[in-house]
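Student: Protein sequences, first through last, are from chains A and B.
Numbering-wise, the working numbering puts 195 at position 195 of the first sequence, and it's gapless, one number per residue.
The number in the working numbering is simply the position in the second sequence, starting from 1, with 231 added.
Rather than coming from a laboratory, the hints here were simulated on the basis of the structure.
Please note: incorrect hints may appear among the correct ones.
Short derived list, chain B residues pointing at chain A, Cβ under 7 Å [what the hints assert, rightly or not]: (1) 240; (2) 275; (3) 276.
Chain A stretches covered by chain B per the calculated footprint, using a threshold of three residues with CB under 8 Å from any CB of chain B [claimed, not checked]: (4) 72-81; (5) 102-108.
Which chain B residues stay away from chain A? Per the calculated CB distances, all over 12 Å, these [what the hints assert, rightly or not]: (6) 246; (7) 290; (8) 312; (9) 317; (10) 357; (11) 363; (12) 402; (13) 409; (14) 412; (15) 431; (16) 487.
Just so it is clear, CB atoms sit at the ideal spot from N, CA and C, and this is done for glycine as well.
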Amino acid sequence: MIRFASVYKDYPKGAALKNVSLHIAKGEFVFLTGHSGAGKSTILKLVYGELRPTAGDVRVSGFSIGDLSPHDLPRLRRRLGVVFQDFRLLDDRTAEENVAFAMEVTGARADSIPAKVMRVLTQVGLAAKASAYPPELSGGEQQRVAIARALVNDPTILVADEPTGNLDERATRGVFQLIREINAGGTAVVMATHDLDLVRQTTYRTVELREGGVVFDSGVDEGSDTTEGLE
Amino acid sequence: MSLLVREALLAFRRAPLLSGLSITTIGFSLYAVGLFALVAVNLREALREVEQRVEVVAYLLRGTPPEAVAQASQDIAAFPEVARVAFISEDEALRRARQELVEFRDAYRDLKVNPLPASLEIQLKDGYRDGAHTAAVAERLRGYGFVDDVRYGREWIEKLDRLRNIAGVVGLTIGLAFAAVAVVIIGVTIRITVLQRAREISIMRLVGATNGFIRGPFLVEGMLKGLFGGLLAIALCYGTYLLFRGQAELATSGIVFLRSPQLGLGVVFGVLIGLGGSLVSVGRHLRNV
Ligand SMILES: Nc1ncnc2c1ncn2[C@@H]1O[C@H](COP(=O)(O)OP(=O)(O)OP(=O)(O)O)[C@@H](O)[C@H]1O
Ligand SMILES: [Mg+2]
């Protein structure tokens, strides 16, 4: 599903990733942890094709990121759902329109869109707020809209870069629960986080980075379907 | 397709100020071009009018036999440069002089002998009313034995030539410069629109929109802006024209407005700049992110 083989990533100011090798299987849940600047976001950006590796090979869902053509980038993105700390919603479109938009860009049939949109909004628990604009929603609700948008094209991988970073504890718990449910449905999840409480609550695989290298990997999928420690 | 138009119209609705501003900018840029075109067209019109008065007059020796004049008239009318030849008899010349030269009416009234010679007035065809052709015709006329003198206002025809050349070169240069400035300003305007929506573009890419899909609404938007800008420019030009027409009573012949093909060309120009500007700005933006 996702495979990093001896990946290096240099920014003009220095190296962000040094010799990272990593394999993430279909349906797996993986936490990326590490101090600020360790390279978590860089790994995720490589996954969704925002960056190209300086050296080494990155393969995601059959695409080789190193030589991804402009034509293939949208095709890769449609197989992924990506959520961020800052939600990245369009403030002048309703929740519903934000989600529908992600479907429209894929050229989906117009008459199939509304039902699918309502289905994912229901899944994230926001059906009642479908016609609200993002500024009218709480942080947790906005993140749910973003997750709904990520889900609407049935991704095989959900990429989440500190999805709970801007949320209070209650909202964090709700959003995290939602992400676990998505994973339980068979979607692989790669989630970067600073929140070690979240990490400790579960027995999901954890990969820790330091200065661009993997310093700890709890190993392949120890229990992605466990609900232990949730409450 | 409907999505394309919907997104483009949405862009107007969501940023009415910026859209209005860019339409106004495009409108005024094209207005400058249009004003210049107006001036150029009227200048050309005025030149043409002056040109109409270019005429070569051959004064005939007294006592030239009418048959010879008639024969010569035919020959001359067959010159490639010549449009019309009119014979003005001595009597006709006197009648005209009395009519036109009011100050001398008395002097001409009691003449025993008509002092005015008969003449041939020769009008040249379009495109031949310049110094070189006029001089050539005059030279040929002098070859006739019964032609006493040939007049054609050489100096002002040469001035006219110069004016025509200057107007041509200056017109082309300024016209191109105005058009170039309009292109640049409109390009910048559209670039601002694209930058203003950089976030939206990045989100579109994130969810898997192709570059073509992203570009589409911008192109439609750019074309619409060009269209509205073009129409605004025409309205402004027309307003200016009306204003000046009111003032131009003193001018000999009034002023003319641009004709519809020229107006159509202006609007097409606006639409194309809108399209081209969007294509370039969005293209550059997509390549850089
Ligand atoms: N666009 C960029 N240009 C230059 N350097 C960058 C860029 N993005 C990240 N870096 C550097 O690369 C390193 C890794 O950054 P990255 O964003 O992957 O860290 P992170 O683990 O996500 O940190 P955080 O927890 O703060 O989000 C850092 O040293 C950062 O300064
Ligand atoms: Mg980060």
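Student: So, for every hint listed, does it hold in this structure?
Tutor: Hint-by-hint comparison with the structure:
no.	hint	verdict
1	240	violated (13 Å)
2	275	violated (50 Å)
3	276	violated (51 Å)
4	72-81	holds (count 6)
5	102-108	holds (count 5)
6	246	violated (9 Å)
7	290	holds (80 Å)
8	312	holds (63 Å)
9	317	holds (74 Å)
10	357	holds (56 Å)
11	363	holds (60 Å)
12	402	holds (44 Å)
13	409	holds (37 Å)
14	412	holds (33 Å)
15	431	violated (6 Å)
16	487	holds (47 Å)
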